[in-house]
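Q: If you're matching them up, the sequences are chains E and L in order.
Residue numbering for the first sequence follows the numbering used here, beginning at 1194 and increasing consecutively.
Residue numbering for the second sequence follows the numbering used here, beginning at 7 and increasing consecutively.
Ranges of calculated distance between the beta carbons of each label pair, as one might list FRET restraints:
| hint | chain 1 | residue 1 | chain 2 | residue 2 | range |
| --- | --- | --- | --- | --- | --- |
| 1 | E | Ala1405 | L | Leu25 | 24 to 34 Å |
| 2 | E | Pro1681 | L | Ala14 | 22 to 32 Å |
| 3 | E | Gly1640 | L | Ala20 | 30 to 40 Å |
| 4 | L | Ala20 | E | Leu1586 | 35 to 45 Å |
I should point out that these hints are in silico values taken from the structure, not numbers from a laboratory.
By construction, the Cβ of each residue, glycine as well, lies at the ideal position given by its N, Cα and C atoms.
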Amino acid sequence: MTGGTLLELGVVTAYMLVALAVGLVAYRVTDRSAEDYYLAGRGLGTGVLLFTTFATLLSAFTFFAGPNIAYANGPEWILVMGLMDGVLFGLLWYFLGYRQWLLGKENGYVTLGEMLGDRFGSRGLRGLVAGVSIFWLFPYVMLQQIGAGEALVGLTGGAVPYWAGAGLITLFMVVYVGISGMRGVAWTDTLQGVFMLGITWVAFLWVATEIAGSGGGGLAGAMPAEFRALGGGAYSPQWMLSQAIGIAVGVSMFPQVNQRFFVADSERTLKRTFAIWPLLVVLLFVPAFLMGAWANGVGLPLPEGENIVPILLNEYTPGWFAALVVAGALAAMMSSSDSMLLSGSSYFTRDIYRPFVNSEASERREDVLGRVGVAVFAVAAFGGSLLRPGSLLEVGSTAFGGFAQLAPPVALAMYWRRTTKAGMFAGIAGTQAFYLATVFGPTVTLGGVPVVASSYFGWFAQVVGLVLGLVLTVGVSAVTTPDTTEDPAAYVDALRAD
Amino acid sequence: MVSRSALAWAACFAVLLALAIPWFLWRSDTLVAGLPVWLWWHVAWMGVTAVAFAAFARRDWGMFVEVDRR
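Construct the entire structure; sequences and hints are all you get.
A: Printed below as a string of structure tokens:
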């Protein structure tokens, strides 16, 4: 093992210890109720909410996958992120998030399925939303575990085998999430988010200074000619818009993000986070992705299966610094997974176990079950990450599109009083079937027009699915009447401004 | 009756979305201080978006979402 490896392991270990300590503190201040365990008692302030949402969402992507895209295709991905997370997700945060927050506060909802099930008086709908969510979430968690496990193998130069690395991370997360719940997860996310933001800027300025001072045309010389012009190559308008819309909408329905719509402590917190989103997007993604583009410009090769940021840092900064960043990214992967485990567990216990298996479960029992659920979910995902069935990997890598399909029916349910239960079932089941067919099924065209395909004149299937979801939900709602169990006024009455 | 400020905010949000990617700079390869000009647009636009969101949050928070407000 080199000094760098020891340092990386040291940072990872330190992260785990700090996280566990935070988890224990969180455990002590969390009472034994589902609302406190899953939602931190709806009490998160601006800084914590901002960073926990951010860290949950994008941490590993910021350092690994994102810069790799910029390296391969050009830095235009920064614009995609700006539209996606700076503007679009900000607006979804307000239109879906604020409304969900109001409804959750009024009626005590903990999950999306619970909120919809209540409005439409339908246990089936509640279970369907949870089932669809878990279907996409599970393989996605598995991918995170594979990534983290392999990163640990790489860190130790193979001294720790994959099963041990992934197993260790799983064990850590089970213990940590099982103990701490949302409060601890959010606190460590915040520590980690601040650390990541700081270290990104140090790395960026360091690399920029080295490149600017190294001759060869300075920073302009490090921007490859084909990267300077906006668009071209992979970046067509449809491609950029499809990515931005598909991912932003998908993110809003990812359980660990959607559940964060419920956790703000006050309206003031929501107002502030709303306005800070675009700034955070600039601060994080511009430096991270520019590093990817520069690495291409200075001619660094990117071997298959590796990430460009560590390679660039090894070139321009001391080994210990590169090690620090890699360890930070590994910690980031864990912090994404822990939030997903927590939300996955809450969807299972609240929306499947309680309504379908044991509706008499006490608060105490649900609390225990939630923690056990985390362990079951994590261990199953670990098992999956060892076997790696190809179809599950495919589901994980297309999860954003799968979650995005939930958004049109959910938005209609919240804003359009005429939405019926039948419309919801049609919108959700119909688009899921459509999207799955585009991922797994054969391509079907009719007279040159794609019917089931991954691309529709450059637009992605997941974006076409959004339109289909609107049409199905509105169409079926229009021709059906509400069930007697439905309460069209449920969301309206709860939303009267004081 | 939809209020004038609701229309104005709807238009504002639409513009923020429409120009997050500066389509009018498509294929422009001008560099400013070593970075593509469209990247500077992005930085400025995110600033504009943050200011607009903050103004909305201060003046008209609740519009479109709370039921009695239009």
